[in-house]
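Participant: Each chain is listed here by its residues.
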Amino acid sequence: MSALLSLKNVWVEYGDKVVLEKVNLEVAEGAFLSIIGPSGAGKSSLLRLILGQETPTRGTILLDGQPLKPECGPDRGVVFQRYSVFPHMTVLGNVTFGLECPAAPFAARLFGTARRKAEAEATAMLEAVGLGDSLHLYPAQMSGGMQQRLAIAQALIKRPRILLLDEPFGALDPGIRADMHGLITRLWRDYSLTVVMVTHDIKEAFTLGTRVLALDKRRHDPHAPHRYGATAVYDLPLRGPPVPAPEPETAPEPVAATN
Amino acid sequence: MSALLSLKNVWVEYGDKVVLEKVNLEVAEGAFLSIIGPSGAGKSSLLRLILGQETPTRGTILLDGQPLKPECGPDRGVVFQRYSVFPHMTVLGNVTFGLECPAAPFAARLFGTARRKAEAEATAMLEAVGLGDSLHLYPAQMSGGMQQRLAIAQALIKRPRILLLDEPFGALDPGIRADMHGLITRLWRDYSLTVVMVTHDIKEAFTLGTRVLALDKRRHDPHAPHRYGATAVYDLPLRGPPVPAPEPETAPEPVAATN
Amino acid sequence: SGGGSAPTEKKTEFSIGWSIYAGWMPWPYAQQAGIVKKWEDKYHLKIKIVQVNDYVESINQYTAGKLDGVTLANMDALTIPAAGGKDTTAVILGDYSNGNDGVLLKGAANLSAIKGRSVNLVELSVSHYLLARALEKAGMGMTDVKTVNTADADIVGAFASPDVTAAVAWNPQLSVMRAQPGATQVFSSADIPGEILDLLVVDTATLKANPDLGKALAGIWYDTVQLMMKQDADGKAARAAMAKLAGAAPETFDSQLKTTFLYTDPKAAVAAAQSPALVTTMTRVRDFSFSKGLFKGATSADAVGIAFPGGKTLGDASHVTLRFDDSFMKLAADGKI
Amino acid sequence: MRWVNWHLSKRDRLIAGGAPILLLVVIYLIMAAARHSANPSDKILPLPGGMFTAMANLLTTPDPLSGNLVFWADTLASLQRLGLGLGIATLFALVLGLLIGALPPIRATLSPLVTGIAVIPPIALLPVLFIALGLGETSKVVLIAIGVAPVMIRDIAAHVGSLPREQIIKAETLGANSWQIIARVALPQAMPRLLQAIRLALGPAWVFLISAEAVASDIGLGYRIFLVRRYLSMDVIIPYVAWIALLAILMDVALAALSRKAFPWAHGESR
Amino acid sequence: MRWVNWHLSKRDRLIAGGAPILLLVVIYLIMAAARHSANPSDKILPLPGGMFTAMANLLTTPDPLSGNLVFWADTLASLQRLGLGLGIATLFALVLGLLIGALPPIRATLSPLVTGIAVIPPIALLPVLFIALGLGETSKVVLIAIGVAPVMIRDIAAHVGSLPREQIIKAETLGANSWQIIARVALPQAMPRLLQAIRLALGPAWVFLISAEAVASDIGLGYRIFLVRRYLSMDVIIPYVAWIALLAILMDVALAALSRKAFPWAHGESR
Ligand SMILES: Nc1ncnc2c1ncn2[C@@H]1O[C@H](COP(=O)(O)OP(=O)(O)OP(=O)(O)O)[C@@H](O)[C@H]1O
Ligand SMILES: Nc1ncnc2c1ncn2[C@@H]1O[C@H](COP(=O)(O)OP(=O)(O)OP(=O)(O)O)[C@@H](O)[C@H]1O
Ligand SMILES: [Mg+2]
Ligand SMILES: [Mg+2]
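Line by line, the protein sequences are chains A, B, C, D and E. Reminder that position 26 of the first sequence reads as 26 in the numbering used here, one-by-one numbering, no gaps. Reminder that position 75 of the second sequence reads as 1075 in the numbering used here, one-by-one numbering, no gaps. Reminder that position 226 of the third sequence reads as 2226 in the numbering used here, one-by-one numbering, no gaps. Reminder that position 66 of the fourth sequence reads as 3066 in the numbering used here, one-by-one numbering, no gaps. Reminder that position 85 of the fifth sequence reads as 4085 in the numbering used here, one-by-one numbering, no gaps.
Source of the hints: derived by calculation from the structure; they are not laboratory data. Some hints could be false.
Some chain A residues flagged as far from chain E (calculated, every beta-carbon gap over 12 Å) [said to hold, decoys possible]:
{"#": "1", "residue": "6"}
{"#": "2", "residue": "25"}
{"#": "3", "residue": "59"}
{"#": "4", "residue": "69"}
{"#": "5", "residue": "70"}
{"#": "6", "residue": "123"}
{"#": "7", "residue": "136"}
{"#": "8", "residue": "138"}
{"#": "9", "residue": "178"}
{"#": "10", "residue": "203"}
{"#": "11", "residue": "207"}
{"#": "12", "residue": "228"}
Pairs of lysine-lysine, BS3-like flavour, derived with a Cα cap of 25 Å [stated by the list, open to error]:
{"#": "13", "chain 1": "C", "residue 1": "2267", "chain 2": "C", "residue 2": "2312"}
{"#": "14", "chain 1": "C", "residue 1": "2312", "chain 2": "C", "residue 2": "2046"}
{"#": "15", "chain 1": "E", "residue 1": "4261", "chain 2": "C", "residue 2": "2106"}
{"#": "16", "chain 1": "C", "residue 1": "2042", "chain 2": "C", "residue 2": "2336"}
{"#": "17", "chain 1": "C", "residue 1": "2292", "chain 2": "C", "residue 2": "2330"}
{"#": "18", "chain 1": "B", "residue 1": "1017", "chain 2": "D", "residue 2": "3261"}
{"#": "19", "chain 1": "E", "residue 1": "4261", "chain 2": "A", "residue 2": "17"}
{"#": "20", "chain 1": "C", "residue 1": "2330", "chain 2": "C", "residue 2": "2267"}
{"#": "21", "chain 1": "C", "residue 1": "2038", "chain 2": "C", "residue 2": "2244"}
{"#": "22", "chain 1": "C", "residue 1": "2038", "chain 2": "C", "residue 2": "2011"}
{"#": "23", "chain 1": "C", "residue 1": "2037", "chain 2": "C", "residue 2": "2208"}
{"#": "24", "chain 1": "C", "residue 1": "2208", "chain 2": "C", "residue 2": "2236"}
{"#": "25", "chain 1": "D", "residue 1": "3010", "chain 2": "B", "residue 2": "1069"}
{"#": "26", "chain 1": "C", "residue 1": "2244", "chain 2": "E", "residue 2": "4043"}
{"#": "27", "chain 1": "A", "residue 1": "203", "chain 2": "B", "residue 2": "1069"}
{"#": "28", "chain 1": "E", "residue 1": "4010", "chain 2": "A", "residue 2": "69"}
{"#": "29", "chain 1": "C", "residue 1": "2011", "chain 2": "C", "residue 2": "2046"}
{"#": "30", "chain 1": "C", "residue 1": "2042", "chain 2": "C", "residue 2": "2312"}
{"#": "31", "chain 1": "C", "residue 1": "2208", "chain 2": "C", "residue 2": "2046"}
With the Cβ distance kept under 10 Å, some of the chain A side facing chain E (calculated, not the full set) [what the hints assert, rightly or not]:
{"#": "32", "residue": "52"}
{"#": "33", "residue": "73"}
{"#": "34", "residue": "75"}
{"#": "35", "residue": "234"}
Backbone N, C-alpha and C fix where the C-beta goes; we use that ideal spot for every residue, glycine too.
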């Protein structure tokens, strides 16, 4: 299988500060790539590159063998590190939005049965992330962890080909985190998504990922700390399918296949 | 030793949604209280109560035996869950600010030697959290984890009597997290602070804390999920001093006692 | 005085307001040409000649006591300061409008065509008075037209708009409007000579306390108008300078002067002030003003008293607030200033 | 307690807010009384009695043109013009503000033009306006719209332009096209700001209305003010201005309440 | 590519931005030519030649009062008034905006007053203003300040009032008193907004300047425009208005550049 996504000699620099240097990476279709690395290494920057939010200062990024356009489409989904959701939409509205967009290109809204169907699907997803009770709250009325789960639900409902997750479970307690692990693994398998996940939890990285990438600086000049950027220092392909997280007792029913 | 902080029958409600109910809590001077609990249970709300940012709908909060004023002072320090720092100050400015406030009540700024001294102290603290290379960046130019460490440095430099931490290490990689554990334990011991820390990392809660409090709903009515609030379901005093996190090899020198 | 604090004490500094109008341009020119200075030195006074771009505002400022004197038309002297209780003396009868105010129609050569039209004009001004007189002469009344209040600064632009077909204005605006294709002047102040008078008025109390001010003003005025009316190079230069101050071309300004009957000779001015025609004119003007409700709260046109040379009065003699005083013009005529 | 935290009760807020206004009224009365004791027929600072008489007169006299009572006829005419002018300006602000704020090509094309129009003082070009639109209602409404719209457009455009880039990218990953991003992401978030912009535009809108009515008109609050200004009838001008202020404050309060009611998410406590 | 992502190159932006302005100029020229072919002495839409002659005249004639060249004397006088008026307004906006935005008791006391002043059209009270302040420079400067300050004050107050509550609390935990919160937290974050508010106020400020100069003045761009308006000399008015627009746009661009330069943190890409 040829690479879905490939980065060739990619550099990211801000002024004379080198953040990423000489990053070479091939991500195969269906992979679950965990990225770990110290704070400030450039993990989020890497995700922004793949999203098309930023362009590399040097090097090329290919998606399906084509140069990546500097804009993002529904083939990619994202959960940002600072879980940003739409503050003016309710929980339900935030998730339904992703279903409305392709279905109503002109009206930008669904009505009647189509709307009810979309809302039912969104509600099921929200129940899966444990927000079934909070459908009509606005993000500002929710706790940090609830907003993070909302962002996850929002991204997952689209079942994007490539899912980019930036510390998606950082603000969650162990119980809910396990639920989320189960959910994401299931969706990944059922829809053969390609997932790129940044995490600080090494165990999580190894449990979920089929491959673990460590980003870090290879060299460090104490007198010119900005002169060297981070790159992939380890790239461990894990054999076999990932061990799914144990199904917790309180886990909700899988959401899958309502559409 | 009488309680530094005591909550008596405290309730927090939003409309008819009960978030916290019947919370009774006594925190002794010098305690390191870890709070755990599921997402949305009301942990951050509890910290906001202690900060004076919110007032309970029912019940009373006493600080040193006095009713808590609905405003916050330098006796309390905080790291918010969504690590908020001042976007218009550089890293160094963010930390120096806390030293300038008491020293320059009218000028609101320090000059000359006083300024250089404050900046030296702030720089030492920033080096302790690993931001020694980034003194002149603005928050928007930093990664999530760097901002979180900045927020920690900002709170720690004041050595507040009561330190309120809301998932302070959530965005940090294991290496830096261990450094932070060491730093906070040291400051806690050296300055006999009282710390209240919310965390999702159970191991962290037990390693650092002298006492672990679990917040959760006691009852749950599936048809009226908002009718019951969370309260302290477990309150485990841990005997003996906490086991300090192992001193990592790369740990910076302790910052203490530059003032 | 209407300015609140009555400046009855002697003072040496005075300010006189003026706005742009053919008959008033001698004032700024006198300042520029040093004539003011000459009379200041003679009477040991300081006289500031202050331009106020907006005519109404210049009168308001005078009424409020911020100016000691101002140039204005007889009707406005009556309805604004005098009706407002400010005792005002007309020191100089400068000129009368002899075609400087006019009624314009588009697409018609006769005044009778005005019937039923909307007329743009500055309401409650001499234009309004002129329109009333025009309608009266043509056997119509104010109810035969509809008036639309239009600012004097904007009336030229307004008249250029196709939906405006009738207007009343004064110079310099009038001459520009008349030049527009299709516009005809169907009535003008030349048809009612001597009814629209241009005056220099001064606060009565100030004048009483400082009679030298009246003398100096008369001196300045007659020096200047005599200079400007000379048909030699000096006169021409003076007129050109005034044109420039008015923002007009010299030819335009000269043509405006042609429709202004300037009392260059103080004797003529004294005669006009003493003539019974002035009483008739003022009776017409005050009756018109009263009918338009300009005498606030008054029950009759007699509420405001007007005094004329020789002790004649019109209206409430115990409440005279507008005085035509020929004494300074007489002094000038007699060469005693 | 620090001043930043000293929140007053509703009653105290009313008292505190009323005090300076009351003070101004009292100062006015003292000054007016002083002037009147010096000159009983002073026109510049009329006493309440005088204003009352003048207003009673306008409130009972029918307008010769419309037959309605002068005061109400003026109010109605002015409110109509103001409503239309502000309405058009709001519409433009919303449409152009969204397009300029959200779409870089439109921003590049229109932003210089809007800036240019924003800084051209419309009253300087009145003659051109008259030729193009005549002297009727249209030119007054257009003057208000041209007067306030550019500031509003630029305000909305700046607000939309500063929406976090993450939101746009998030919407794109959810499959939104440019139109959907404008309609569902930018528009709703611009709405509270639009209401705020209308509130800030109320003052200037009244200025332009009054200027327009001063130029050429036969009815309206501004017409009356400029007509009686000729006679320094402050006894009419002051009540009229107070009435204008009252109307404007009512609109301001209504818009603020509408914003809180319709867009609760924009007014909740941030956390 | 979606329009929201279609970022133009600098050159393309210039072309796109120039096009509509050029179009307007061409339309004007066509209309002017048409009017002139119908009536060669048309004054309303002058041809470039006419404007050129008129301006050349003003550029070479000395002003009778000051002796300087008319055009530059007008420009200097107007810029001085505008600068002073805007400067005072900015100062008030900053001080009152900060106090009202940050301190609830001040907000309760002054906010209704400021709203009241904001909605009173100063043009309606011109006579009072000129009577109170005389016909000199003061009244003109004050009219500009009164005209634009309330909107700016309210804008800054709203901005400061909507700073995240966390920031205030954070500052309090760091030992800041109310003054320090204002000086170190609210003020710096209000500065970019203040510059934006000045930019938006430029248009209204010119309007008030011109209104003031129209009423009582003997020099200034607005004075000249109203002086020659009596003769419908659009050949002077249009170049003057264009000059005003150019000056205002230069100020706008300078303020935008200043903001980016002085407050980089407010303009960086958010993440
Ligand atoms: N304005 C509001 N209206 C309604 N509910 C609110 C409001 N603010 C907070 N809540 C509710 O209060 C509850 C507690 O929130 P809090 O932020 O304290 O949770 P938490 O324990 O910190 O969760 P997390 O671990 O996810 O941060 C949440 O369920 C939230 O929905
Ligand atoms: N505008 C900028 N100017 C200068 N440096 C920047 C800018 N933006 C980002 N950086 C730098 O880029 C580096 C990488 O940031 P990034 O957010 O990718 O880190 P990260 O690996 O995601 O870290 P974390 O685990 O803390 O989230 C940081 O060191 C940051 O300081
Ligand atoms: Mg990151
Ligand atoms: Mg929380």
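Participant: Let me make sure I understand: some of the numbered hints might not hold for this structure. Which ones are they, in numerical order?
Facilitator: Those not satisfied are hints 4, 5, 14, 15, 17, 24, 27, 30, 34, 35.
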